[in-house]
Amino acid sequence: MCFKNLPIAFDDEGNAYLKEGLKDPYEHKVVDLGEEQEVLKGLLERNGFIRNIDYDPVTRVAGALAFHSVVDLEKKKVLSTNSMATLFRGYEVILKGRDPRDAAYISSRACGVCGGVHATTAALAIEMALDIKPPPLGIVMRNILLAIEYLYDHPLHLFLLAGPDYSEELVRETNPELIDKAAETKAKNKDVHGYDTVLDIMKDLNPLKGKLYLEALSMTRVAREAYVLIGGKYPHPQSVVPGGLSVTVTASVLNEVYSRLIKFFDYSQKVTGIWDDVFDFFLESNPEYAKCGIRPATMMDTGVWDRPDHYDASFANCDKWGEARWSTPGVLVDGEVVTTKLTELNAGIEEFVEHSYYEKWDGHRFKEDANGMPLSPNHPWNKETIPKPGKQSWKDRYSWDTAPTWDRMPMEAGAYTRMYMTAKAQKAPASKFLENTGTSMKIKVPKHFLPEKTLEWKIPEHWNAFERNRARAYCIPYSAMVAMENWLLAMDLIKNGETKVSVPYEIPKKGTHIGFGAWGAGRGFLTHHLIVENGVIENYQIITPSTLNAAPRTPWGEMGPYEEAVLNTPILEKFDKPEDYKGIDILRAIRSFDPCMPCTTHIMAKDSDHMVTREVTTCACGVE
Amino acid sequence: MVSNNVLIGTVGYHLLRNHSVGPILLPQLNAKAWNEQVSIEEMNWGPIAIVQYFQTLEIPFDRVIFLVALERQERKIGDISVYQWLGKLPDEQQIQACVGDAATGVISVENLLVIGEFFKIWPKEVFLVDVEPGPEQAGEHLTDEVKDKIPEILRILEELTLDGEVLMETEKLQGDTLFEE
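These protein sequence lines are chains S and C, in that order.
Read in order, the letters of the first sequence are residues 4 to 627 in the working numbering.
Read in order, the letters of the second sequence are residues 945 to 1125 in the working numbering.
No wet-lab data here; the hints were simulated from the structure.
Any given hint could be a false lead.
What the hints assert, rightly or not - Capping the alpha-carbon separation at 35 Å, the derived lysine-lysine pairs in DSBU-like fashion look like this: (1) Lys236(S) - Lys1032(C); (2) Lys212(S) - Lys1020(C); (3) Lys1116(C) - Lys214(S); (4) Lys214(S) - Lys1020(C); (5) Lys236(S) - Lys976(C); (6) Lys1064(C) - Lys391(S); (7) Lys1116(C) - Lys193(S); (8) Lys236(S) - Lys1068(C); (9) Lys266(S) - Lys1064(C); (10) Lys394(S) - Lys1020(C); (11) Lys580(S) - Lys1032(C); (12) Lys78(S) - Lys1032(C).
To be verified - Over the 10 Å line for every Cβ pair with chain S, so calculated as not near, a few chain C residues: (13) Ala977; (14) Gln996; (15) Arg1019; (16) Lys1020; (17) Asp1023; (18) Lys1032; (19) Glu1036; (20) Gly1049; (21) Val1050; (22) Phe1062; (23) Thr1087; (24) Glu1115; (25) Glu1124.
Quantities reported herein were computed from a predicted structural model and do not represent experimental measurements.
Idealized CB from N, CA, C, for every residue including glycine.
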C-alpha cells in the first residue's frame, strides 16, 4: 500500500480503487499563510537582528530564481523562506494544438542544458500515446546520448555552479577559520587527484582561474563532442524522434564516441576523490555543516536508460520496463522505498497552484488511468496551464512555479535520487560495471591512465547539501559506466546486423491517445504528460526537477524542498556586523539542488499569440 | 582589397523578428560572394564552445565582426550602430555570471565578448554591427524598417572586411562598463 494520503487503496489482487464513502475524495486543506507573515512582521519590527535577506537573483544557477528569507543574525537561524520562480515560459501553452511531432523539437527549447532530455521525454510520451516501439539500437543509442549529456552537466554543476562555494577565495571570505585547517589537512585521495592538502584542492576550485574550474570547462567540450556525434548538435539535438533516432550509427561513430567516453574514466576517479576530500573536511571540521540544506530523503525519480529487451513504450507494461531501467524508478519517503512502479509513481503526482500565478482549472476528465488506478483532478493529465500574473505576496501567490506533490508530499528530485533509489531498491538488472548493495552503489571504473578502481557511493545518514553534491560527483562514473555498458550493447547489435535505429509511425487523425514520458536530466527526473486528440496536442504538461525543488508552499502550507532545506540550515558563516553577512550557508543549500529555472516555470503570450512578453517580478522590495 | 582573415559571426535567438537579424540574414551572408579570407558563421553555439574553437584555430582571425540586434535607448528601429570592442573586463563576479549563463545556454553577445576577452581569444580588432530591433516580438521575419536596411547592413559588413584601418565612425564598447545600467 504505497499511498497514505491519497484516497487510493488496493484489493487483494493488487488492483487499485478509489476509497469509498468519501464525499470529496481529493479535498485538501488550504492554509492561510497570512498568520505566519504577521508574526514575522512583528519580529522584524521589534528585533534589529532579524532581517529580510533576499537573493534576487540567486547567482550561479541556470535562469531566474529569487529567494526570500527572514534570518535571525543573532541566533544564527533562518526563520522563514520563500522560493520564487520569476519567469513564466509557457511551453505547455505553446504546444497546445500542434502536431505531436513538434513536441520533441519545441520542448527541447525549454532548457539550454538539457534540451536533449526534454526532446527524449517528449518522444517517450508520444511513443506511449501512439504505441511506437523503437528498435534496440535506437533505444541503446538514446541511452548513450543521454548518459553523455549528464557527463556535460555534472562537471558543470560541480565546478562552475556549486563548486565555487567551497573554493579558497570564498571560504577565506566567509569562514577564514577553515583556511589554516585546510592547509594542514592531508587529502586522502592524492593518488587519484594529485593534491597534497585540502587547501590545494580549494585553491584550484577558485572560479575562473582554478585548474579544476578550467578542467571542467574542457571536459564539457569532450562530452559535447561525443554528444553531437549522435545528436547532431547540442543542446538541442536534431536526431531525437519518437520511435528512436534519426541518425546513422556505425562502428566508426561508436569508436569516435568511445574515444571521448574513456576520458571520463580517470576523470570520474579524480572528481569523486576531490569531492570526498573536500566534503569530509567540512563535515569533520564542523559537524554542524551536516545540517546545511538538510531535509528528509523524501524524493522521487522516474528512472532512466531503458533496456532494449524490455522497453516497449506501453503503459500496460511500464512497471516492468520501468523496473528494468539502469536506474530504478520510484519514491523514497524519509529514505525508505515506497514504490518502484511507474504506474503508482504516475498516479501519485498532483500539481497545486494556490501559491502560484496560475488559475485553478475546472474539470476532472481522466478519473483513472488505463489500468483503473484512480487519478486526481490535480494530476497532470487533468491539469490545465492558465497563467494569471499578479501581485507578489508571501501570504498568497509568489511564484511562477507550481507545487507538485506525490501522495500529497513535496518531493525532491536530483541525479542523486537516481543513484539513491537504484542502490536502495536493488531492482536494476545485473550489470558489468554496477552493483547495488541496498546501502551503496559500487561502480567499477575500467583502467585508462589510472588503474581500474571500484568506487563506492554510500547512502548517507543525513541528506544535506554536502551529500547532494557528493552524490552528484558519483553520478559521473555512474553515467559513464551506463554509457559504456550501452556502448558494448550497441557494438554487439551492429555486429549482428541490427542497425535499424528508428521505426516509422503515423499520427492517428482520430481519437484520444494519452501517454507520459519519464526520463532524467542532469539535475533529476522530468515528466511530459501528453493528450493527443484528433491528431493534435490537446494538452501537454511538463514537470521538471526544479519544478519540484523550487516549489512554493502546498495549499496546506508545507514548504517546497528549497524552502525546507534553507529553513533547516544553520548560519555558520563568520561575520562581525549584519552588513557583512553574505549568506553562504543558504546559498550552498540552494545550489546543492542545482536549480535550473528555465525548465521550472512554464515567455508568456500576452493578449495575442504572437507578442512575447516577459512578466518578471524580480524585486522583493515592497512585497507583502 | 582584403588580406586579413576575417570572421563575420551572427549572434542572436531565432524567431524573435528584428532581434533575430543575425540568424535571419545568415543565409544571405552565406550566399554573398565574399573574398575567400572571409568566413561566415553562426556564433550561437555558446561562448565556452567558441572560446574552445578559437583556441584550436591554426590560423587565428585578424578581425571579428558580429552582426547583432540589441535594444538601446534613443535609437529608431533599423538604426545601425557600429561598435569597436576595446576589451577590458567587468569584475570577477560579473565574469562568473557570464560564464554561468553561457554554460547554461543563454545566447548573449555581451557574455560572448566578456568571456572571449577573459580567455584572451579576441584579435586586436573586434566590431559589432548592431541593428536597433525595437521591442521583442515573436516571429520569423524582419519588420519593414529593418528589411529596408539590409543593403546598408551588408555594405557596412563588407566595408569592415576590407584590409587596412577601419575608417568608418565607430562607437566604443568595453567590458568594464558593459553591464552598467
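Okay, the hints, checked on the actual structure:
1. Lys236(S) - Lys1032(C): Answer holds: Lys236(S) to Lys1032(C) is near 32 Å, not above 35 Å.
2. Lys212(S) - Lys1020(C): Not satisfied, since the Cα-Cα distance of roughly 41 Å exceeds 35 Å.
3. Lys1116(C) - Lys214(S): holds, 33 Å
4. Lys214(S) - Lys1020(C): violated, 46 Å
5. Lys236(S) - Lys976(C): Since the Cα atoms of Lys236(S) and Lys976(C) sit roughly 26 Å apart, the hinted pair holds (cutoff 35 Å).
6. Lys1064(C) - Lys391(S): Cα-Cα ~46 Å, so violated.
7. Lys1116(C) - Lys193(S): Violated, at roughly 49 Å.
8. Lys236(S) - Lys1068(C): holds, 31 Å
9. Lys266(S) - Lys1064(C): Given that 35 Å is the threshold and the Cα spacing comes to 26 Å, the pair holds.
10. Lys394(S) - Lys1020(C): holds, 33 Å
11. Lys580(S) - Lys1032(C): holds, 34 Å
12. Lys78(S) - Lys1032(C): violated, 43 Å
13. Ala977: It holds; Ala977(C) is separated from chain S by about 28 Å at its closest Cβ, greater than 10 Å.
14. Gln996: violated, 5 Å
15. Arg1019: Non-interface label on Arg1019(C) holds, nearest chain S Cβ at 20 Å vs cutoff 10 Å.
16. Lys1020: holds, 20 Å
17. Asp1023: Asp1023(C) is indeed farther than 10 Å from all Cβ atoms of chain S, at 22 Å.
18. Lys1032: Holds, because the least Cβ-Cβ distance between Lys1032(C) and chain S comes to about 16 Å, which exceeds 10 Å.
19. Glu1036: violated, 6 Å
20. Gly1049: Contrary to the label, Gly1049(C) does not stay out of reach of chain S, its closest Cβ about 1 Å off (not over 10 Å).
21. Val1050: violated, 6 Å
22. Phe1062: At roughly 7 Å from the nearest Cβ of chain S, Phe1062(C) sits no farther out than 10 Å, so the non-interface label is violated.
23. Thr1087: Given that every Cβ of chain S is farther than 10 Å from that of Thr1087(C), nearest at about 12 Å, it holds.
24. Glu1115: holds, 27 Å
25. Glu1124: Per Cβ check, Glu1124(C) is outside 10 Å of chain S; nearest 18 Å; holds.
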